[in-house]
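Asker: Our numbering numbers the first residue of the sequence shown as 39 and each following residue consecutively.
In short, the hints are calculated from the structure, not lab data. Quantities reported herein were computed from a predicted structural model and do not represent experimental measurements. Just so it is clear, CB atoms sit at the ideal spot from N, CA and C, and this is done for glycine as well. Incorrect hints may appear among the rest.
Okay, the calculated beta carbon distance ranges per label pair [to be verified]:
#1 R161 / D77: 25 to 31 Å
#2 L151 / P79: 26 to 32 Å
#3 D109 / K153: 26 to 32 Å
#4 R92 / P147: 17 to 23 Å
Below, computed lysine-lysine pairings styled on DSSO-like, alpha-carbon distance capped at 27 Å [what the hints assert, rightly or not]:
#5 K102 / K153
#6 K153 / K93
#7 K153 / K89
#8 K153 / K138
#9 K89 / K138
#10 K89 / K102
#11 K138 / K102
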Amino acid sequence: MSRSTATFRLIPLLLLGGLGLALAGCSDSRRDTAAAEGDEPEYREGQSLLKNGRKQEALNSFLKVIDRRGDEAPESHLEVGLLYLQHINDPLSAIYHFRKYLALRPNSPQAPLVKQRIDAAMR
């Protein structure tokens, strides 16, 4: 086999390999968003404050994450919804944040439970 023939056979393999690497780099953006949200200092602080029973401060931390990330803060919306429903007794705000969570994560394993929380808040 001549050098030019080998080169022409190698080009498609290199292109396929490059395509494979490019596709591997295109991961699920939801998973990336969730991981990035969990890396937010305010999100971690909110989780820590929740564990220590400091609910109002936790709420403020999660709201900061939402303010900063906008539609890339589904987990913070869920946490805020739970805090509004269970500890602040503000069902309308809870419903708003639960619906934001569902809009951002409609196929989440938690979606059925979040829908139940909305139903409970509407009563």
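Asker: Look at each hint and say if it fits the structure.
Answerer: The hints, checked one at a time:
| no. | hint | result |
| --- | --- | --- |
| 1 | R161 / D77: 25 to 31 Å | 36 Å, violated |
| 2 | L151 / P79: 26 to 32 Å | 27 Å, holds |
| 3 | D109 / K153: 26 to 32 Å | 20 Å, violated |
| 4 | R92 / P147: 17 to 23 Å | 28 Å, violated |
| 5 | K102 / K153 | 24 Å, holds |
| 6 | K153 / K93 | 23 Å, holds |
| 7 | K153 / K89 | 24 Å, holds |
| 8 | K153 / K138 | 12 Å, holds |
| 9 | K89 / K138 | 24 Å, holds |
| 10 | K89 / K102 | 18 Å, holds |
| 11 | K138 / K102 | 16 Å, holds |
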